[in-house]
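Peer 1: Given next are the chains, with one letter for each unit.
There are 2 protein chains.
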Amino acid sequence: MNRSLVVLLTFVLPFVANAQQALTLQDAILKAGTDLAPERLKGLQWIEGSPTYSYVKNDQLMRGTIGKSADLPIIDLATLNVAVSDTVKLKAMPHVTWLAADRFRFRHNGRYHVHTLGGATTTVTALPAEAANEDIHPRTGSIAYTVDHDLYVQRAGAKGPERITKDGADGIVNGQSVHRQEYGITKGTFWSPTGDQLAFYRMDERMVTPYQLEDITTRPSSFEKIRYPMAGDSSHHVTVGVYDLHGGKTIFLRTGAPADQYLTNISWSADGRYVHVVHLDRATENLRLVRYDPNTGQAVATLLTESDTTYLEPQHPAHFLKTRPGQYIWQSQRDGWNHLYRYDADNREVLQLTKGPWSVTDVVGFDPKENFLIVQGTAAVLPGKPSGATELHLYRVEVRSGKVRRLTTETGTHHGRLSSDGSTLIDTWSSVEVPGMVVLRDSRTGAEMKQLLRSKDPLAGHTVGKVELLTVIGAQGDRLNARLIKPSHFTEGHRYPVLIYVYNGPHVQLVTNSYLGGASLWMLEAAERGYLIWTVDGHGSGNRGKAFEQAIHRHLGELEVDDQMQGLAFLKSLPYVDGSRIGVHGWSFGGHMTTALLTRHPGVFKAGVAGGPVMDWSLYEVMYTERYMDTPAENPAGYASTDLTKMADHLEDPLLVITGGKDDVVLPQHALRFLKACVDKGIPVDFFDYPGHGHNVRGKDRVHLMDKVLTYLDHYLRPASE
Amino acid sequence: MNRSLVVLLTFVLPFVANAQQALTLQDAILKAGTDLAPERLKGLQWIEGSPTYSYVKNDQLMRGTIGKSADLPIIDLATLNVAVSDTVKLKAMPHVTWLAADRFRFRHNGRYHVHTLGGATTTVTALPAEAANEDIHPRTGSIAYTVDHDLYVQRAGAKGPERITKDGADGIVNGQSVHRQEYGITKGTFWSPTGDQLAFYRMDERMVTPYQLEDITTRPSSFEKIRYPMAGDSSHHVTVGVYDLHGGKTIFLRTGAPADQYLTNISWSADGRYVHVVHLDRATENLRLVRYDPNTGQAVATLLTESDTTYLEPQHPAHFLKTRPGQYIWQSQRDGWNHLYRYDADNREVLQLTKGPWSVTDVVGFDPKENFLIVQGTAAVLPGKPSGATELHLYRVEVRSGKVRRLTTETGTHHGRLSSDGSTLIDTWSSVEVPGMVVLRDSRTGAEMKQLLRSKDPLAGHTVGKVELLTVIGAQGDRLNARLIKPSHFTEGHRYPVLIYVYNGPHVQLVTNSYLGGASLWMLEAAERGYLIWTVDGHGSGNRGKAFEQAIHRHLGELEVDDQMQGLAFLKSLPYVDGSRIGVHGWSFGGHMTTALLTRHPGVFKAGVAGGPVMDWSLYEVMYTERYMDTPAENPAGYASTDLTKMADHLEDPLLVITGGKDDVVLPQHALRFLKACVDKGIPVDFFDYPGHGHNVRGKDRVHLMDKVLTYLDHYLRPASE
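Heads up: the sequence lines are chains A and B, in that order. FYI, the numbering for the first sequence is 1 to 722, going by my numbering. FYI, the numbering for the second sequence is 1 to 722, going by my numbering.
So here's chain A without its partners, still in its complex pose (with noise of 0.2 Å):
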């Protein structure tokens, strides 16, 4: 390796402006998301009403057209704060939500304030300092939100809040996410599409075992008490109310029994008549669509049903059409890839409306009449062409028919958002070889029509090293995304030691064809100090299907494992590899999927350090685990087998297992009971404790952190020896 090398030629080549500089870790953690990262238009979106776009440059609010190519200024931030009656200023230009041509609403110092173009802000709404879970009905303006465990709406104008629960209490949580954010659950609230109702969850956990987590910033040590349920055992209740505005009044929907079923994917129909909610039930082989009255809490029909052996996941609510009543979209794995379905409520109709070995990911929006929606999905995936699971492209479907346009040709990772009209597409994409793009698209055709920006390499000042996508044969004979970073004075007549960063868990896509190929800046830094860093999808991870998926069910990290050793054996076969350092490293089901290489592979592996790893199932939290291995009972060999608390003494190798202090995800008690069990056995193993942080290390520790990992690594791969 001859590092001089690299920096003499920054000064011999010359289109090279400035000398190189090496990047170093704190600025790979700290600055990945800022200085770091391509440029991008800040809070760009489409005005409402108009297809022409804002975004932030400096302190201006900025407008575009699409026709001209210069463009304008709407409003600067002096401006903005002579508007606001606060005698707190704002600093920076907020984030705006357009509400007509004209007019936005921002938030500034706890207060919702609504600007008017060339006329007065007008302060809407204040909340409480602890006000949480702020859930703004875009029209209204009434802003639900959560003080403690209870509910609150605050509507637009009025003086005080109403509170809409007094239950709230140790046990008794409202109008907040539940099922621990699994089955696509995100938030606790629901507006009805006219504002006039407030559909929220309501839990009820006193049956859950509490877990104490300690703060050790108290004199002494406080403890704060969650609810914790465990991999067949005991689970919350949920509810789902419905708070009438005009009423005052609250009911709950009739969802009946078992009381530990989930409620997912609530949604209302377009015109508020209706509410929906998926029952899934706790075994998640059978998913129910139930429409509900809101106004009597009685179930009206079942829209839906569905089931599958393996499990279900429902991650997105069904979307009910304004335009043609009764008509909703429905998303399905069903036939295996994830796919869009049109329904007619009274089940007279069903179109599937995409289909083919690929997945939608996202419903990017539909044009006002609803004859077409866009949406993101993978490219498809044959056999011989697999990385089209690493790209994202836009798509044009039209509803009536079902007719499939894809509308991006470039590959990459596209991400769009279409204007309130329905004709334009803004496009933001990149790719391993591009670092940024934004551009204007036809909706129709794809074409571009107008370039917003191209983002320069932000590693162009810097000696850094290649990001390789390929693909290997994993252990069922298919083949996986793989990703191989080279440091920049890589040279083929070295072997270098690799440092595998694993993941490979059930929704994860490590692999993408994007910016880095997905990969984190301080693997870029990593490489630098001699080593190859290397990551491959295997069975089990996302957007490849559900056969590939479900591969994994009952016996979390075992095939994983295989496909993960069939990358190493292609390493291996790499004659720059020097295949007696290999390193492995990797987070919460990495972490788990880290111990599970070194106890299942012992002396293949160099050293390995597991963060916030599952370390037995059974510990793990229901709504996650049962889907997966089904409960300890139905499964008690798949859980035995995949307990590594059982293999501790088929360690070898040394592993550092690290927890955050305050892990509400992954629980200490895995790290620590793996830690028991290698001092039961006498096996060395080492450890480190976050303290205060949760199922990741993050702000400025996290520097901290990926120098312990690196520092670990470095010290058993040695990767600038030779």
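Check before you lean on any hint, since a few could be wrong.
One copy or any two copies: either way a pair holds, since identical chains are not told apart in the list.
Within a straight-line C-alpha distance of at most 30 Å, the following computed DSBU-like cross-link-like pairs (lysine-lysine) qualify [stated by the list, open to error]:
#, residue 1, residue 2
1, K249, K681
2, K546, K355
3, K42, K31
4, K466, K700
5, K456, K57
6, K89, K681
7, K249, K159
8, K681, K31
9, K89, K369
10, K159, K450
11, K91, K681
Note that these hints are calculated values from the structure, not bench results. Predicted model only: the values in this text are computed from it and were never measured.
With the hints as your guide, set chain B onto chain A.
Peer 2: Chain B only, in chain A's frame:
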């Protein structure tokens, strides 16, 4: 280093019977108290009422007599098993307590039995399985014990127990040790001489902040609540009850305010008419020995008072004489050393019985007429002869005149047991040169009457190094006792790394002129790796007199660090020491010292391992901390300058911090706060947690611990690399 030479010599020299074997770390830890300990006479004791003694040899209880060379069997296991009516048989000869020359008591399978030689064995009492804190009255055989937080008495022969207290609950503890075992308190019940009354402690700790200790072995973890009063915070309230076995009633002594005073050193007058309690104020500057009427609870008299503006720490109750009613023996450090005083209860006469620059450490016993008593104490600590404190000798003290005669002449550590007729002492002693001796001595002259045992060197078959005692000049110019262990392969021509094992806290003395100089066997194993193992007892450590011990007042860990640095300077002056490779390890106070050395003297040490460390005295408990540091409010500067969490950013050298996951003495919060301070400041630090372990790692897991400690130090100090 040339190990093969050593091995060779063992074959060549004719007096070496067997090949030398290496001492393994596992044996050094697990066999330190058994196979690798000097032979001893198991259960050796005087037989009540006669100057003959008994001990266990194989499965026989043996009797020895002074004038006879051959010892004779008393009873064997098989015979005893026939005599005991229990379905569960004894597997080994139990520990016996002689009640008369022909009668002993022993415990087996939850029952107490009395066996009369040549006669029957009677089961006298059975206790419930949950019984704890058993305290048997020697003559009546009544047993006080606790179940949960309540106190019971089981009289010998009675059908069932009497329940003494009923208010035991979370926060109310009866019949157990209080004040966290400080001030000489080791138990919670105190029988009157006749066994008619039982004094006991009651502790109300409801006002003390709770701490939770995680038990990871349950699923999910369960959390055990303890009450832990931190320096300056609300402390528990202790009272003393007296249960009368005749009346069946309990009265509480009227010990008065303040409620958080210390009530220590409970003792009865010889006639049982009075019970005495030492009242020590929370500031630990004033004490009163108060006489109470156990039938009314009224204070009858204050027998004596003492004051010390630094601190008092009474460790020994007043001993009331049988033959001189109203007189008692009192121990005090008031003249600078711990000595004995004979007091008259009416305060009319005080005679200082012992004096001079040495410490009485224990009272061995009195002759029946109380003409003299036998004490253990150090040798004189004289300028230029500081090793006196490393020795323990037996002294005869005349009660009337205070005339003192030292009975033991051999350099070393002597422990005595006086026969009930007062004529003879069993002296069990060892020294750096002598692994173990047991002899009988005339209690008048100290003349050796019979040799019972001369222990062979248990390490004779192992290749181990040499323990040397020496002195170094401390930070205040006086001499400190030190111990140096050299490996068996030591040669002056090499330069060795040094492992400093440190404690240096109050009451503890690591360097003694006893077997191995007080060293642990693992140190000999570590030395063979190529280390010198070094320990020095600096200011604050025990048995060196009040001024030496109190020098650390209000700034724990500062002068002690200076003393340790003096030791280091001495080491560096030695031609065979590699001053660039010095490691430190210590536990508890020694964990504080290790961290203090590394943070106060960055760049000096190559690595450290701090186990169960106090990191911030404000997080340590009231009884210990306020005595040595005053309260945080009284001594803010002292607490601040000794708070190692504030010094984390001075850390430059590798430090491994270890905690027991359930350490209820030095809470895990200490270690975790130091970790957080390091993470906050971006300072690398290492950590390990022994789940389920308390304030040290004991049992077989200690091998894992010491392997971790030594592996860590080996890595940085590389003892074998030269």
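Peer 1: It remains to establish, for every hint, whether it holds in the given structure.
Peer 2: Here's how the hints hold up against the structure:
no.	hint	in the structure
1	K249 with K681	neither (61 Å within a copy, 53 Å between copies)
2	K546 with K355	within (13 Å within a copy, 88 Å between copies)
3	K42 with K31	within (16 Å within a copy, 69 Å between copies)
4	K466 with K700	within (26 Å within a copy, 50 Å between copies)
5	K456 with K57	within (17 Å within a copy, 87 Å between copies)
6	K89 with K681	neither (61 Å within a copy, 32 Å between copies)
7	K249 with K159	within (19 Å within a copy, 67 Å between copies)
8	K681 with K31	between (43 Å within a copy, 19 Å between copies)
9	K89 with K369	neither (42 Å within a copy, 91 Å between copies)
10	K159 with K450	neither (46 Å within a copy, 98 Å between copies)
11	K91 with K681	between (58 Å within a copy, 29 Å between copies)
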